[in-house]
Amino acid sequence: MILIENVSLSYRDVPILRGIDLALPKGGITALVGPNGAGKSSLLSLVARLQPLQTGCISVDGMPVDTTPSRTLAQRLAILRQDGIVASRLTVRELIGFGRFPHHQGRPGALDLALVDAALDQFDLAALSDRFIDTLSGGQRQRALVAMTFCQGTDYLLLDEPLNNLDMFHARQLMRSLRRIADEAARTAIIVLHDINQAAAYADRIVAMRDGRVIVDGPPAAVLTEENMEAVFGYRIRIEQIAGKPFLMHHL
Amino acid sequence: MIDRKPRWTNWTIGLAVGLGSALLFCLSLAVGADDLVFARLFDDPATVQLFLASRLPRTLAAMLTGAGLAIAGLIMQTLARNRFVEPATAGTAQSAALGILIATLLFPAATLATKTLIASVAALTGTSVFLMTAHRLPPTQPYLVPLFGLVYGGVIGAIVTFVGWQADLLQFLDIWTSGEFSGVVRGRYELLWGAAAMIVLAWWVADRLTVVSLGREISVGLGLSYQRTLQLGLVIVSVIAALTVVIVGIIPFVGLVVPNVVSRIMGDNLRGTIPWVAGCGAFLVLGCDLLGRLLRYPYEIPVATVMGVVGGLLFLRLMFMRSAHG
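The listed protein sequences correspond, in order, to chains A and B. Per UniProt numbering, the very first residue in the first sequence carries number 1; after that it's consecutive. Per UniProt numbering, the very first residue in the second sequence carries number 1; after that it's consecutive.
Because the hints were derived from the structure by calculation, they are not lab data. Every residue gets a Cβ at the ideal spot worked out from N, C-alpha and C, and that includes glycine. Treat each hint with caution, since some may be false.
Stated by the list, open to error - Between beta-carbon pairs, the in silico distance windows are:
1. B:PRO139 - A:ALA186: 33 to 41 Å
2. A:ALA126 - B:ILE175: 53 to 61 Å
3. B:THR133 - A:MET63: 53 to 61 Å
Just chain A, with the same shape it has in the complex (with noise of 0.2 Å):
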């Protein structure tokens, strides 16, 4: 479990996080959604350890993540950041195999081989596999990086905008790999999302933020209402009920 407790954050006297509490428990996807600015990545990056907690606290399956070394967390979460650019030249199968560095620090093992391997066919990079990833265009890349991160083989999962730069496909794939080691691995997944649809299709529960607070938590069905939605977005979205799911009109 995930525990988030009176977390708050600001940058120069411009608050970011407003006193979130939020218990992120076991298993199945949570999405977090929200306009620019509501502090999803902020939040994100808090739990991964990537940037000092200010206030409050956070742990994971019960280890701080401030004190907690960061070779152990790292074997039980996993982050891919929203910015994912990547300056080196690697192959797509070296990146990959960087996923596995926290279990083997660079002496990888014939497991580690393997599930680089399974990540390659998961993803459709095995055509791939030798290309250097400064030559892939941006929705290989992502893959890529998205491959990376599931190689990590970890319990969590923070998914920052994973979908950034994926075609329709590519991007239902992803969606629906998620689901599967959701229900098959019981992994968790925190996954930032801006397609508010394959949030109401895939999710779990819906984490709504706006201006650094959380507005509305809870299954989709009880979140997705045309009054919860205009407490989020500021602005009306019609709401209609496709193939049991709610859809939300947005772009009307």
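Once you have looked at the hints, place chain B on chain A.
Only chain B this time, still in chain A's reference frame:
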């Protein structure tokens, strides 16, 4: 731009560099103001003396320096996440020269090892300041980092010149700052084996350095101690730079050109590329030293001058290849 990692590179390049180096190695042993005939090594003590006291040390020094500088450049580029920096242009070598100057002024009787130690500390300080500043520059402007490095190195170089002038040490300064191997004899180069030790250390921690090249956030996400690895890389760069400045002087371009060529062909996975960067660096510096010995035979052109021309041309070629392929 090569977009796919070629499968043939490992053994083909290895064979070419290996054969080329072996050839240069033998040539370098043979070429000098005095003739050295290999056949006489077995019966002529003077030939043996020439071989052991001058030719072999000089050849080994050139190869160690080349390998070391290329690795120092590679690691500096990895740490700065910028392909256009190297110790000779970004303040490391100049800081090392400042260290030697200080050592000479304060402890005139200091041994070579002590001077190297002080130069290493100075290089470490100078490079840390460079790196801290480089990490603050906007990543959207990759040319700011080498530009800042040039200015920074220039300022430290100017301080060195000023202090040297005031202390009437300009002639010594010239010896430290323009790299050449003609003064290398037995007993005056052995410290350079320290550079070999640093290369082994770099290879030992190669995976950690590659992770660092992916940036702070990915490094932390993978549970790597980012700061500690940065510091370790800085120590490797500084020790190599200090050793080479103390013993041979500043040689430009090696640390810039060699890692760029290797990265272009084989990528940036340091576990695989460190041996080739070291090998190609050794090959390049030995080749340039040999060229300097042959061009005006029996006189010599300093290796730094030859490297300035050869390295500069190679670098220009790299730049034009880059722009032609986007």
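Going down the list of hints, with the structure as the test:
1. Separation of PRO139 (chain B) from ALA186 (chain A) is about 38 Å and conforms to the stated range, judged on CB atoms against 33 to 41 Å.
2. Restraint check, ALA126 (chain A) to ILE175 (chain B): a C-beta distance of roughly 57 Å satisfies the suggested window 53 to 61 Å.
3. Range check, THR133 (chain B) to MET63 (chain A): Cβ separation about 36 Å, and the 53 to 61 Å hint is violated.
Checked against the numbered hints above, the structure violates only hint 3.
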